[in-house]
Amino acid sequence: MSLADARAICPELATRPADLPSEKAALESLRRWASRYSPMIATEGIDGLVADITGVAHLFGGEEDLRADLDARLARADVNGVTAVAGTRGAAQALVRHGGGIVQDGKLAEGIGHLPVSALRIDHATADALARVGLPRIANLINLPRAPLSRRFGPGLVLRLDQALGVQPESVSAEPEPPHFGVRMTLPEAIGLQSDVMAGLARLLDRLCSKLALHHMGARRVQLELRRVDRATAKVEIGLARPMRDSTRIAALFAKGVDEVDAGFGIDCLRLSATLVEPMPPEQIGGGPTLKTDDALADLLSSVGNRLGFDRVLRMIPADSQIPERSFQLVPAIYSTAEPAGPRKVTRRPITVFSPEMVFDATGQRPGTPPARFRWRRMWFSTLRAQGPERITPEWWFDDPAWRSGMRDYWRVETQEGPRLWLFHTPQSPGWQVAGEFV
Amino acid sequence: MKTHFDLSPADPLTLIAARVHEAQGRGRRAFALFQAARTSGVLIWIMPTHIPELPFLDALPSGVNERLHLFRPTGETDLLWSVEEALRASAVGLVIAEPQQSLSLTAGRRLQLAAEAGQTRGLMLIRNEAGSNAAESRWLCESAPGAGRDSTLQRWSLIKNKKGTIGSWVLDWNGASSAFNMVSEARERYEQAPSPG
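So the sequences go chain by chain: A and B.
Counting from 1, position 303 in the first sequence corresponds to residue 303 in our numbering; the numbering is continuous, with no gaps.
To get our numbering, take the position in the second sequence, counting from 1, and add 1000.
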């Protein structure tokens, strides 16, 4: 049914667009939870889970009790689910799409015989054709000779039928768990010295880094949790300027954070986890001078960033705007790469810019020229010569409070005192302001 | 005696390597960019968060913008710490910093040791008379009014030098590259001109 038809029938229908990624994530987390019932569990389609419970059911007291337990837990978590248990994957799937239930061992044909043929994971055309020749249920198919069925409806139908009845094996292939980059160490005796914690950290880092190397990953953020004997937890987190798995260089960054930790009555558990990892392919060690420079710079950015904060370690990259203040951006250096600036502008630009500052006591001003004498930052300046104007209009699609005063006429003013200033005049609300200083 | 300092730089405007220098005056940022254009390697500019002036990307000398990193610490302690850390990093070519308080002798000496350890140059953009005695050289930088149109005259005076003489230069540097024109300045005669004939 289309949405328009549904709205025509029920005008107060509340609708929301399907959020497929988060549904997938929810199904994935449900899969992780459901692994309590079986080690082999996989997602099935967009809304199903299939688990291989061979040799597992007796741990929960039998198949009935397992299913009852699963239903109860799903109901408690407000998940509307249908469950079925059967001897084969095909039969279980057929059953769960038609109400759920349990098929006893050795009674597959009876258990799913009453279901329509469309439960067999076949396409609609085949199901329609089967219904038209008078074979609407699975029970009708079971006793038919396979060869004519296969010739008339294709091999897919026979394959699905055999899989449901257990003639053809079909296994559950569980997806591999994503690797977890965390290691921990529990100590028999509490420690309190900084050197002891650093020694423990070095051992943990060795293990973490070899795990990272195994998966070709590098850490971007590493967190150390120190659990004290009184169950309080201290956390030390560091960031890295680029993906890294070099234990000695990471350990050096922890020194300051560990120094500030209050050990209380002692620390008896250390847990180290890489909270943010990025792919990092293996690279040849002992590279050329470029690699060494990159390494040294990355170490510097890491150590400075961990103390000042990574939003204070910046790089300038060009941006696409005519407005001087927005023609470049300050971005964190560790999340960006250097970009060469575009071709040089023909018009000269000041080497430093700042947010505009008013000039005072402007005198000797003829219309259309900068003032002959003015005061700025408690200093008097007299204009020697001026170049301009260069008119810059605000970007109308971008509401910038600084540009509410309208367009600006920029002048390069050489002063008798030496400084060469970047003055602008706002014709729509008359006044002169200084926005920068030239070489 | 052989020292590991280059005692006689190629021209007087070159800063001695592995030392920390100071620049004061209104044109100190221009001087810093001039030195940045002449230095190879990574450039670090450390300025406190509350300083309104920012280098303008479009007008930086060629080759500077890709290498420039800005650190913006909040306090003076953090600033000095990051200067020292940057000076110790061997990848860095020039560290430019704008301390807001006068540098003590201890701080200046520590920075010199850091620059020696990392074989880097440091340039402190100080307020007038806020330098430290440990500085290798101190420059007074002012921009000068020029006679012609579109002039970019700079008057850079070396007012302190531990390993050489002081001096004053007027040069024409337009900020686009590391090239500059030395301007020979008219000077008053100390002795009487020989009478012709």
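Note that these hints are calculated values from the structure, not bench results.
Honestly, I wouldn't trust all of these hints.
[As the list claims (entries may be wrong)] Below, a sample of chain B positions facing chain A; criterion: calculated Cβ distance under 7 Å:
(1) Leu1054
(2) Ala1144
(3) Pro1145
(4) Asp1172
[Said to hold, decoys possible] Stretch-level coverage of chain B by chain A, calculated; a stretch enters the list once three of its residues show a Cβ under 8 Å from a Cβ in chain A:
(5) 1029-1042
(6) 1055-1068
(7) 1080-1087
(8) 1090-1102
(9) 1125-1131
Built from N, CA and C at the ideal position, the CB exists for glycine as well.
Hints versus structure:
1. Leu1054: 6 Å, holds
2. Ala1144: Since the shortest Cβ distance to chain A is 5 Å, the answer is holds.
3. Pro1145: Holds, about 5 Å.
4. Asp1172: 10 Å, violated
5. 1029-1042: holds (count 5)
6. 1055-1068: Contact hint for the segment 1055-1068 of chain B vs chain A: holds, 11 residues under 8 Å.
7. 1080-1087: Check passed, 4 qualifying residues.
8. 1090-1102: It holds, with 3 qualifying residues against the three required.
9. 1125-1131: Coverage by chain A is violated for the segment 1125-1131 of chain B (0 residues, Cβ < 8 Å).
In terms of the numbered hints stated before, the structure departs from hints 4, 9, listed from lowest to highest.
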